[in-house]
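Start from the sequences and build out the full structure, keeping to the hints where you can.
In terms of the working numbering, the sequence shown opens at residue 1 and continues consecutively.
Heads up, some of the hints might be wrong.
Said to hold, decoys possible - Estimated spans, in silico, between C-beta atoms of each pair:
#	residue 1	residue 2	range
1	R243	V6	29 to 37 Å
2	L53	P7	16 to 24 Å
3	A249	Y88	33 to 41 Å
4	Y130	G195	50 to 58 Å
5	Q207	S229	38 to 46 Å
6	H131	A56	40 to 48 Å
7	R132	A213	18 to 26 Å
8	G180	A249	19 to 27 Å
9	K81	G180	50 to 58 Å
10	L53	Y88	30 to 38 Å
11	R83	G180	52 to 60 Å
12	E201	R83	27 to 35 Å
13	P4	P55	16 to 24 Å
I should point out that these hints are in silico values taken from the structure, not numbers from a laboratory.
Positions of the beta carbon are idealized from the N, C-alpha and C atoms, including for glycine.
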Amino acid sequence: HVFPDVPINAGTFEPLRIVEPEGTFLYAKYPRPVSGCAAEVSQRIAEAVFAALVPALPDRVTASPAGTSGNFGLGGHDPIKGRDYVMYQISGGGYGGNADHDGLSNGCSTIGISKAPPVEIMEQAFPILYHRYALHEGSAGAGQHRGGFGLDYEIELLRGQARASFVMDHGRTGPQGALGGQDGGVNRVEVTRDGVTSVPEHLSKAQDIALSAGDRVRVRTPGGGGYGSPADRDPALIDEDVRLGRYSAEQSRQLFGR
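This is the structure:
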């Protein structure tokens, strides 16, 4: 909120005029695709607003957050429980750095405040096993105040057949840095079937991928953009990130020169 002391009400929006010409991505008519319009496109709009406000309000606005809800759907039949199921995973990502602090790591989606379900609950409800659930190493955009780190998780289908779909943005470009900060890491999806690992044709977007017992899916969500020049970062904070495994020593040298 640009004016946090003013309660959000109809009057705060009175000066705004929304222009949405037909033919733009804000006014998509059939048969143009609109999948993910609430979960993903809305976050592209938020990022554009963040970037526009940084020059005017550098002390009040953060670099861009992960900008995706990490939508991952898995549906199939559980032969042991004898029922069909649909699993839906919402993933966290890194928030952008700001004038005072590093960005939050693995924060919930910035649109709708969607929370990620507990791993234990997911494993009880669906025929899957999480092999990892950790921070996405090296994904935070470098800066005086770096972005937060994204999430790195991998699941295995334990039994039966299933089909997987993904709707996640930032597969090619990461969330924007601000005032000299670097962009955050991109979304990465890998599917391992019959021991062969591949990346979907559209990177972090795919639908109806057939899976069998033993196949795996790995998702690494974006980190937030960095704020300010990486050259101005406190050396003690750089060393701490390396010590905790957030950046490798090589990444640290490349990003921060240390």
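Each hint, compared with the structure:
| no. | hint | result |
| --- | --- | --- |
| 1 | R243 / V6: 29 to 37 Å | violated (43 Å) |
| 2 | L53 / P7: 16 to 24 Å | holds (20 Å) |
| 3 | A249 / Y88: 33 to 41 Å | holds (38 Å) |
| 4 | Y130 / G195: 50 to 58 Å | violated (20 Å) |
| 5 | Q207 / S229: 38 to 46 Å | holds (41 Å) |
| 6 | H131 / A56: 40 to 48 Å | holds (45 Å) |
| 7 | R132 / A213: 18 to 26 Å | holds (19 Å) |
| 8 | G180 / A249: 19 to 27 Å | holds (23 Å) |
| 9 | K81 / G180: 50 to 58 Å | holds (53 Å) |
| 10 | L53 / Y88: 30 to 38 Å | holds (32 Å) |
| 11 | R83 / G180: 52 to 60 Å | holds (54 Å) |
| 12 | E201 / R83: 27 to 35 Å | holds (32 Å) |
| 13 | P4 / P55: 16 to 24 Å | holds (20 Å) |
When each numbered hint is compared with the structure, violations occur for hints 1, 4.
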